[in-house]
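Please take these sequences and the hints and turn them into a complete structure.
Protein chains in written order, with our numbering: chain A, 1 to 352; chain B, 1 to 614.
You can trust all of the hints, since none of them are fake.
In silico lysine-lysine, BS3-like type, Cα no more than 25 Å apart, as pairs:
| no. | chain 1 | residue 1 | chain 2 | residue 2 |
| --- | --- | --- | --- | --- |
| 1 | A | 352 | B | 187 |
| 2 | B | 420 | A | 352 |
| 3 | B | 433 | A | 52 |
| 4 | B | 9 | A | 352 |
| 5 | B | 233 | A | 352 |
Chain A is nowhere near these chain B residues, computed Cβ spacing over 12 Å in every case:
| no. | residue |
| --- | --- |
| 6 | 6 |
| 7 | 79 |
| 8 | 139 |
| 9 | 154 |
| 10 | 160 |
| 11 | 198 |
| 12 | 200 |
| 13 | 212 |
| 14 | 347 |
| 15 | 397 |
| 16 | 429 |
| 17 | 557 |
| 18 | 566 |
| 19 | 575 |
| 20 | 605 |
| 21 | 609 |
These aren't lab readings, by the way, just hints derived from the structure by calculation.
Note that the Cβ used here is the ideal one computed from N, Cα and C, for glycine as well.
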Amino acid sequence: MSIDTVNINGGLAAGPLKAKDFATSQDVRWCPGCGDYSILKQVQSVLADLGKTRHGTVFVSGIGCSSRFPYYMETYGMHSIHGRALAVASGLKMANPDLDIWVITGDGDGLSIGGNHFLHLFRRNINLNVLLFNNQIYGLTKGQYSPTSEEGKRTVSSPFGSIDHPIDPIALALGVEASFVARSMDRDPQHLKDMLTRAEAHRGSSLVEIYQNCNIFNDGAFFSFTDKETKANSVLFLTHGQPLVFGAENELGIHLDGFTPQVVNLNDGKYTKDDLWVHDEHDLIKAQILSRFFDDRTKKENALPRPFGVFYQTERPCYEDLLFEQIATTTQQIGEGQLDNLLAGGNTWEIK
Amino acid sequence: MNTMKELEKEAVIIKFAGDSGDGMQLTGGLFTDDTAISGSDLATFPDFPAEIRAPAGTLAGVSGFQLHFGSREIFTPGDRFDVLVAMNAAALKVNLSSIRKGGTIIVNEDGFDTKNLRLSKYQDDANPLGDGTLGDFEVIKIAVTKMTREALSESSLGMKEKDRCKNMFVLGFLLWRYNRTLDTTHKFLHAKFTKKPDILDANLKVLQAGYNFGNTSETFTTRYTVRPANLEKGSYRSIMGNEAVVLGLVAASKKSGLPLFYGSYPITPASSILHGLAKRKNFGVKTFQAEDEIAAICSAIGASYGGNLAVTGTSGPGLALKGEAMGLAVMLELPLVVVNIQRGGPSTGLPTKTEQSDLLQAVYGRNGECPMPVISASTPSDCFEAAFEACRIALQHMTPVVFMSDGYIANGSEPWRYPKAADIPEIKVDFAKQEASEEGFMPYRRDERLVRKWAIPGTPGLVHRVGGLEKEDVTGDVSYDPANHEHMVKTREAKVEKIADYIPLQKLDAGHDSGDILILGWGSTYGVCQSVTKQMLEHGFKVGHAHLRYLKPFPRNLGEMLKSYRHILIPEINNGQLAKVIRDKYLVPVVQYNKIQGTPIYKEELYEFALTLI
Chain A
1 MSIDTVNING GLAAGPLKAK DFATSQDVRW CPGCGDYSIL KQVQSVLADL
51 GKTRHGTVFV SGIGCSSRFP YYMETYGMHS IHGRALAVAS GLKMANPDLD
101 IWVITGDGDG LSIGGNHFLH LFRRNINLNV LLFNNQIYGL TKGQYSPTSE
151 EGKRTVSSPF GSIDHPIDPI ALALGVEASF VARSMDRDPQ HLKDMLTRAE
201 AHRGSSLVEI YQNCNIFNDG AFFSFTDKET KANSVLFLTH GQPLVFGAEN
251 ELGIHLDGFT PQVVNLNDGK YTKDDLWVHD EHDLIKAQIL SRFFDDRTKK
301 ENALPRPFGV FYQTERPCYE DLLFEQIATT TQQIGEGQLD NLLAGGNTWE
351 IK
Chain B
1 MNTMKELEKE AVIIKFAGDS GDGMQLTGGL FTDDTAISGS DLATFPDFPA
51 EIRAPAGTLA GVSGFQLHFG SREIFTPGDR FDVLVAMNAA ALKVNLSSIR
101 KGGTIIVNED GFDTKNLRLS KYQDDANPLG DGTLGDFEVI KIAVTKMTRE
151 ALSESSLGMK EKDRCKNMFV LGFLLWRYNR TLDTTHKFLH AKFTKKPDIL
201 DANLKVLQAG YNFGNTSETF TTRYTVRPAN LEKGSYRSIM GNEAVVLGLV
251 AASKKSGLPL FYGSYPITPA SSILHGLAKR KNFGVKTFQA EDEIAAICSA
301 IGASYGGNLA VTGTSGPGLA LKGEAMGLAV MLELPLVVVN IQRGGPSTGL
351 PTKTEQSDLL QAVYGRNGEC PMPVISASTP SDCFEAAFEA CRIALQHMTP
401 VVFMSDGYIA NGSEPWRYPK AADIPEIKVD FAKQEASEEG FMPYRRDERL
451 VRKWAIPGTP GLVHRVGGLE KEDVTGDVSY DPANHEHMVK TREAKVEKIA
501 DYIPLQKLDA GHDSGDILIL GWGSTYGVCQ SVTKQMLEHG FKVGHAHLRY
551 LKPFPRNLGE MLKSYRHILI PEINNGQLAK VIRDKYLVPV VQYNKIQGTP
601 IYKEELYEFA LTLI
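The following block contains the structure:
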């Protein structure tokens, strides 16, 4: 376990850091009851559990409610501009690949104004963690629909209902072959901690989409996944190597009929556990089918449950490793650059 | 036997023009290399279409390369040319109006067949070679294509490959005409085609054939010699503007001891900086071809936060996209160099044509009170020092800096007395170190230059947060306090203005330190301002020329200098941007001379205009 020997006041502190050691003196200014509080707490707790240092950790964010996050973390941090945190973090990682970098973004910041960078980060596979706080609304600008808002949503900017079709960040990330893709939620601290821990352990760009309740502008958006009454039948927790089961008594499961997933009841005698889809985190095709478990439960009977957990994980080279490798190989092949040779170039002459 | 005359010339302007696929850039470049080695001073400028391969033979497809060389100081690639090399009818048509009366036109007569004449829109197949159009000029008609094929009659190459050698025929002929040898070109061809012996052989044969044609054809009775110029002693090379930017950035990286990070998105005419740096991996250079202009600058801001010498490069439209992030860098007070190679605007504008389009954008073009130093290069080789200086200011004053060049400088070339690495000054950079003081690290505490410390992630004891929200003075905490905001706005401005204490005073580039006219310029008009000033001085006028490298802040003595002349004449390839800034800053009347045609200002026109002020 590593130890950070200097506390915020520059004095000396001994011993491993606790969760509270990652908290700053700044007053946290999210609305009371906001889902962000829970996420902040779990992140601080995971950093402490993993023995991280303050000085080796950086939080980078864009703009939005969630993007205030770095101010509350006693680590290095940058609250950058709207949508651009992923680009800033990419450059930082290339400057110093030893840093442990976390990007905090939201559905507007990461998928709308910053959508382009989202695609390119995950295809490049730069080793950092992206926590996407999805509350399906613009909070900081006071309640406009976001790119993850459901169709028909009535907001200040869509008084007659939104006609925008929503985006699913999980499917988007898989589409550009992100190497780690997971979903969690603010109301399930243990699951969230597990996902954060897994994301941090993964080498490459990790996406954790976190369903986060905005109790002011979009309260209850994820009610069916968090409420005791409905949670069991609408949430599917993914565990690698385990069959896909859900329901209050694990009586429901997912059977894959060709490429078509079906909800089956294990109690009706037609199917047993052996007929169920066994989750394989390393199967991109199946992860893409899973990402399409995205039904609007208010509009569809027998809707597929919403998966939470690690959809997909694979090992592939990180961009910054390849970059440094190329620098090393080239230098080895043609020798370290000499400024005098560079200045002279290939063709010189003397004036005497 | 005819007797060969040898004529001496003080200076010559040649334009090589042909189809995009005719290899005119290479021909011009090789003739330039040989000219440089012969000791002439020179300046070049390529002129190519925005389309990569416009249809062959058309007016849109004409590509050109202009060379001005001489035994005296050469400041510009020249106005009207003495010699035009035209490989086809389109090349002649496009350039005809720019040849000096009495000049020489060397044409490939095989490029004037019916098809070429039709494509270059000569009416009813009128042929300018035979209809008296060229009566004012000396016309040398050479069947270049035919003779190239003949020279290669025994070669196994296909017809297309053979025809590709025809530029070597022209080059060989010109090298003969200007009394040179083929040595330099041989060296180049051997190096370029080591792995393709049959292509090498063909090029050498055709080059020789062109040279021999001059020698043996009894048509030509005159060879020309341009004596070496009186250049300063030393080691020289030829350099293009963007290449010099690459060298300046790498030198700054070496001299500051910081790895160079270059985040960029391809854009004309800045892309060749990305290409140049991508080749320098063995200098530890990291190039990042970002997904867009915004990611390019933001990645550079991230790299700067992480302690690298961070640079992003672009042209006008890209600079507009980077505006918000430049503001972030101003707030963060991190070092960053934004390279802007200007082109014709607005919008997509004239991508391959030159314009001093973005001075106002660089100085004023961001939201909020957002001061950034602005530095400009004035010639291709000057890009080296100016880019190096931009890095120095960024690193030592913890600020983003705009470095300005333009298409004319970027692609133009000139001889450069290159420095020795040991003679280039170090750039001293201090990173914040762990402090054991009671109050802890204060990220926005400033020194006497108003500069804050660079504290990079990974350093124990200095953890802090930065961001685009207004900062409280000293602590760097987020602050909405009204008085603090005003204080910080003024402080950021004062910090940039204070840089004036750490840059040289404005010098006079030529002429008298008082008098009738001060020609005040910036950027790529350097050459024309020098030429016009010198010509006026020769005629006894009391004039001076000052060319600005520092556009924000201005040198401390500039205001005084402006008061010493009856007229301040500001020639610009825009609608008067420096003129606005000078009026804004100094409240002095200035006279503008503006040309916004995607081309440089000509000496003749500026000279005549200046005379009207006397």
